[in-house]
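Undergrad: Protein chains in written order, with our numbering: chain A, 1 to 314; chain B, 1 to 241.
The hints are simulated quantities; they were obtained by calculation from the structure and are not laboratory data.
Values in this document were obtained by computation on a predicted structure and should not be read as measured data.
Cβ coordinates follow ideal geometry from the N, Cα and C atoms, glycine included.
Don't take each hint at face value.
[As the list claims (entries may be wrong)] Cβ-Cβ distance ranges computed for the label pairs, FRET-style:
hint : chain 1 : residue 1 : chain 2 : residue 2 : range
1    : A       : 213       : B       : 25        : 28 to 36 Å
2    : B       : 155       : A       : 140       : 40 to 48 Å
3    : B       : 141       : A       : 201       : 20 to 28 Å
4    : A       : 207       : B       : 28        : 22 to 30 Å
5    : B       : 13        : A       : 148       : 31 to 39 Å
6    : B       : 28        : A       : 123       : 50 to 58 Å
7    : A       : 196       : B       : 16        : 26 to 34 Å
8    : A       : 43        : B       : 16        : 44 to 52 Å
9    : B       : 23        : A       : 29        : 36 to 44 Å
10   : B       : 96        : A       : 196       : 34 to 42 Å
11   : A       : 201       : B       : 54        : 15 to 23 Å
12   : B       : 54        : A       : 213       : 16 to 24 Å
13   : A       : 207       : B       : 96        : 20 to 28 Å
[Stated by the list, open to error] Here's a subset of chain B near chain A, in silico, CB distances under 8 Å, partners left out:
hint : residue
14   : 50
15   : 122
16   : 188
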Amino acid sequence: MPSNPTPLAEAPSEPETRHVHAALTRTSTGHEDLRELESGLDSLQSDADRKHRIEWSRILLPVAALVVLVLVWQFYVSLGVKRRDLVPGPLDVVTQMGVLWSDGKLQESVWTSLQRGLVGFLISVAIATPVGLLLAQVAPLRRAFGPLISGLQVLPSVAWVPAAIIWFGLTDATVYFVVFMGAIPSIINGLISGVDQIPPQYRRVGTVLGASRLQMALQVILPAALPGYLGGLKQGWAFSWRSLMAAEIIAVGGTIGFGLGSLLDQGRDLSDMTIVMAAILLILAVGILIELLVFGPIEKRLLRRRGLLAGSTR
Amino acid sequence: MPVVLEHLGKRFGDGAPVLDDVNANIRQGEFVALLGASGCGKSTLLNIIAGLEAPTSGALEVPSDGAAFMFQDAALFPWLTARENIELALKLRGVGKAERRTKAQELLELVHLGTAGDKRPHELSGGMRQRVSLARSLAQDRQLLLMDEPFAALDAITRDLLHDELERIWKETGRTIVFVTHNVREAVRLGQRVLLLSSRPGRVVQEWAVTEEHRTDAGLAGQLTGVITARLREEIRRHAK
Numbered sequence: 001m002p003s004n005p006t007p008l009a010e011a012p013s014e015p016e017t018r019h020v021h022a023a024l025t026r027t028s029t030g031h032e033d034l035r036e037l038e039s040g041l042d043s044l045q046s047d048a049d050r051k052h053r054i055e056w057s058r059i060l061l062p063v064a065a066l067v068v069l070v071l072v073w074q075f076y077v078s079l080g081v082k083r084r085d086l087v088p089g090p091l092d093v094v095t096q097m098g099v100l101w102s103d104g105k106l107q108e109s110v111w112t113s114l115q116r117g118l119v120g121f122l123i124s125v126a127i128a129t130p131v132g133l134l135l136a137q138v139a140p141l142r143r144a145f146g147p148l149i150s151g152l153q154v155l156p157s158v159a160w161v162p163a164a165i166i167w168f169g170l171t172d173a174t175v176y177f178v179v180f181m182g183a184i185p186s187i188i189n190g191l192i193s194g195v196d197q198i199p200p201q202y203r204r205v206g207t208v209l210g211a212s213r214l215q216m217a218l219q220v221i222l223p224a225a226l227p228g229y230l231g232g233l234k235q236g237w238a239f240s241w242r243s244l245m246a247a248e249i250i251a252v253g254g255t256i257g258f259g260l261g262s263l264l265d266q267g268r269d270l271s272d273m274t275i276v277m278a279a280i281l282l283i284l285a286v287g288i289l290i291e292l293l294v295f296g297p298i299e300k301r302l303l304r305r306r307g308l309l310a311g312s313t314r
Numbered sequence: 001m002p003v004v005l006e007h008l009g010k011r012f013g014d015g016a017p018v019l020d021d022v023n024a025n026i027r028q029g030e031f032v033a034l035l036g037a038s039g040c041g042k043s044t045l046l047n048i049i050a051g052l053e054a055p056t057s058g059a060l061e062v063p064s065d066g067a068a069f070m071f072q073d074a075a076l077f078p079w080l081t082a083r084e085n086i087e088l089a090l091k092l093r094g095v096g097k098a099e100r101r102t103k104a105q106e107l108l109e110l111v112h113l114g115t116a117g118d119k120r121p122h123e124l125s126g127g128m129r130q131r132v133s134l135a136r137s138l139a140q141d142r143q144l145l146l147m148d149e150p151f152a153a154l155d156a157i158t159r160d161l162l163h164d165e166l167e168r169i170w171k172e173t174g175r176t177i178v179f180v181t182h183n184v185r186e187a188v189r190l191g192q193r194v195l196l197l198s199s200r201p202g203r204v205v206q207e208w209a210v211t212e213e214h215r216t217d218a219g220l221a222g223q224l225t226g227v228i229t230a231r232l233r234e235e236i237r238r239h240a241k
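Starting from the given sequences, assemble the full structure and let the hints guide the process.
TA: Written out as structure tokens, the structure is:
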């Protein structure tokens, strides 16, 4: 910077511009002038609102991809490389689904599994969220239990099935126990990594604004960690659903109801490949629907509100 | 005297002192610009006054209710709208729900953002974000307002306007403001007093008064800017190897 910048020292000649100097003095001529200038600058610097339309490619492309896959499947079956009872075609599977539907088995198994999955998942969320917050905020706790929680996430929750059967017998408790062991660690880990990624500035702002420890956790840390937390929830749901299927396949009978895993196991017992394929497709369909109807919209809304969606391929 | 600093010193661990023997008195309702080159411990000094860090030596007197703080980046919470950001500050201060609403709107209007309250931080320009941030720090309702280079990242046009804006709000609200900057023009434009902090260690080496004439007479202000810049460069040159 020059020690005495000449343009600033120049006296303005026009009376109208008498008050307009560069940065060193007042640049506006009064309250109204300032308000007008600012409002002009604000509108210049802000983007116009964009309208959200229905994007057809978002619906048509996945549908087209599905159609192509089914056609490839049908084509492969019609080549007759394998026996039809080993590799049934799409039509065979759809017919079987119709039979299962009219028996009421399809509805029963989907409803039983979905209900268990959701209840197990929600209870896992209720347990994992406070525990995750506590671990993320209290350093000694985190150091003590962090490795264990990460380890539990790696341990396949199916490994708990034999133990659960011994402890709880063939009851719903066995199924829920396995779901918890799958979902809780991954939700805790998601929340912890979400908290780790919070810009340190947010905590400073919280401190400066006078937040107590609890207020800091609920008003600053939790909302700031929401994107990571949501990732943990998604993974937690995936783990719940997988663990549930594993438990249902292995633990059959007793007071355990008839779920999709049980249906799959029944197909194997009957050596009926159409039932097996129908069950697999139903398990997949539930997973896709939950993502499309629950997590997808929530995540999209969360990212859009924070301005994190621009330029993404979502 | 809302702020009295006596022989204040700060060092981190065994390192060289960041601040050494800092002395200053700041009067009620005064606007003080704290000027210094990089590494002079301006931000550390501000953190100490705010109570975010403790000094290692010396004594300081600050208002018992603490200070409001405005950061270089607006540091608004992205999950809240502009209004909700301000309301959160009021909430953490214990203001009731109904009153929060009206108070937040008043503050938004004070910074000329009455109609932008429902926008989210990413929808606002840098200047607008800083005004929301200013409104939020005013929502804290502390007599003392500390500002850590709040306009450093803004473009020149916006910054000039925000200088006018801040001066107007300072006059309307009667706050005591300590404004940290490394920009000599900004210090002269805003401060009633400019304190120059030396670098490594930080220490108040000289101060200048800025009068009302400097606000309207660009020649006079330019002259003072020249004098302060020369002194600042002298400080920087001391560190040449």
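Undergrad: Using the Cβ atoms, figure out if residue 43/A sits within 44 to 52 Å of residue 16/B.
TA: The hint (44 to 52 Å, Cβ to Cβ) holds, given that residue 43/A and residue 16/B are roughly 49 Å apart.
Undergrad: Check the following: the C-beta atoms of residue 207/A and residue 28/B are separated by a distance inside 22 to 30 Å.
TA: holds, 25 Å
Undergrad: How does the Cβ-Cβ distance of residue 96/B and residue 196/A compare with 34 to 42 Å: does it lie in that range?
TA: Given a distance of about 35 Å, which is inside 34 to 42 Å, the answer is holds.
Undergrad: That 28 to 36 Å hint for residue 213/A and residue 25/B (C-beta), does it hold up?
TA: Once the Cβ atoms are compared, 35 Å apart, the range 28 to 36 Å for residue 25/B and residue 213/A holds.
Undergrad: Do the beta carbons of residue 155/B and residue 140/A sit within 40 to 48 Å of each other?
TA: holds, 47 Å
Undergrad: Do the beta carbons of residue 141/B and residue 201/A sit within 20 to 28 Å of each other?
TA: holds, 22 Å
Undergrad: Note whether the CB distance of residue 23/B and residue 29/A lies within 36 to 44 Å or breaks it.
TA: Cβ of residue 23/B to Cβ of residue 29/A: about 39 Å, so the range 36 to 44 Å holds.
Undergrad: Would the hint on residue 122/B stand, with a C-beta cut-off of 8 Å toward chain A?
TA: Because about 3 Å separates residue 122/B from the closest Cβ in chain A, which is inside the 8 Å limit, the hint holds.
Undergrad: Have a go at the residue 50/B hint: is there a Cβ in chain A nearer than 8 Å to its own Cβ?
TA: holds, 7 Å
Undergrad: Could you tell me whether the CB distance from residue 54/B to residue 213/A stays inside 16 to 24 Å?
TA: About 19 Å separates the Cβ atoms of residue 54/B and residue 213/A, which means 16 to 24 Å holds.
Undergrad: Given a hint of 31 to 39 Å, does the C-beta separation of residue 13/B and residue 148/A actually sit inside it?
TA: holds, 33 Å
Undergrad: Can you let me know if the beta-carbon spacing of residue 28/B and residue 123/A is within 50 to 58 Å?
TA: holds, 57 Å
Checked against the numbered hints listed earlier, the structure breaks none of them; every hint is satisfied.
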